[in-house]
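> Chains as they are written, first to last, in the numbering used here: chain A, 1 to 117; chain B, 1 to 111.
The hints are simulated quantities; they were obtained by calculation from the structure and are not laboratory data.
Heads up, a few of these hints could be off.
As the list claims (entries may be wrong) - Between beta-carbon pairs, the in silico distance windows are:
no. : chain 1 : residue 1 : chain 2 : residue 2 : range
1   : B       : Gln45     : A       : Pro99     : 16 to 24 Å
2   : B       : Asn22     : A       : Ser15     : 16 to 24 Å
3   : A       : Ser18     : B       : Glu15     : 28 to 36 Å
4   : B       : Gly78     : A       : Ser18     : 46 to 54 Å
5   : A       : Asp27     : B       : Lys56     : 25 to 33 Å
Note that CB positions come from ideal geometry on N, CA and C, so glycine has one too.
In case you want the letters, here they are:
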Amino acid sequence: GAVVSQHPSRVICKSGTSVKIECRSLDFQATTMFWYRQFPKQSLMLMATSNEGSKATYEQGVEKDKFLINHASLTLSTLTVTSAHPEDSSFYICSASPPGNRATEAFFGQGTRLTVV
Amino acid sequence: GNSVTQMEGPVTLSEEAFLTINCTYTATGYPSLFWYVQYPGEGLQLLLKATKADDKGSNKGFEATYRKETTSFHLEKGSVQVSDSAVYFCALSDYDYKLSFGAGTTVTVRA
């Protein structure tokens with residue numbers, strides 16, 4: 001199946017610094033990618049939709065200035081957590097789907113465990 | 001808006017037991033329905049899907065039927081194995097391609 005690669009898998013940063021997470025579709029082009037956040041023992045919450053060549057669409061309650069999304073090419077989307085604080089510690093996961101319809105399988109990255117100390 | 005309600009866990013079973021995880025949904029349109037599985041230390045993988053009413057998705061001995069009349073997509077497996085221990089997520093995708101997930105159900109199968 002299709003492969004979505006996410007990097008880094010784990011990162012620890014100091015409070016106040018910024019962290020960039022990359023999401024790549026390795027064998028297909030994705031005009032749209034999605035970023036999710038997963039709290040311990042909870043479900044995935046959609047944060048934003050990353051659109052190639054245009055601004056990301058953020059879900060209600062997600063701070064766009066804190067979670068900067070850039071979809072610079074058809075195979076790469078980045079999520080930057082700016083001025084990170086301990087409450088931003090979480091598991092972040094991206095997904096992308098090959099071109100198709102809404103029933104097309106979404107492929108997920110391996111996830112990034114962010115710990116802010 | 002769209003939402004998915006999933007049976008809460010954790011669920012602990014013995015090998016060869018029958019597994020059912022209930023899932024119901026609310027959607028404005030005609031969604032596609034999915035079950036994703038997350039094995040320990042891994043990312044999410046698609047387990048099965050159904051795209052229209054009465055469709056049955058199946059994979060690895062798991063089955064789920066898209067029931068429009070009861071807005072449900074319950075996951076079943078007749079005989080679980082230790083390797084089925086994982087977190088299972090019910091999800092739907094509507095016209096906007098976004099996935100809405102249930103809370104996840106942790107399943108532990110004991111030998």
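> Determine for every hint whether it applies to the structure shown.
Do the hints match the structure? See the list:
no. : hint                             : verdict
1   : B:Gln45 with A:Pro99: 16 to 24 Å : holds, 20 Å
2   : B:Asn22 with A:Ser15: 16 to 24 Å : violated, 41 Å
3   : A:Ser18 with B:Glu15: 28 to 36 Å : violated, 47 Å
4   : B:Gly78 with A:Ser18: 46 to 54 Å : holds, 50 Å
5   : A:Asp27 with B:Lys56: 25 to 33 Å : holds, 29 Å
Of the numbered hints listed earlier, those contradicted by the structure are 2 and 3.
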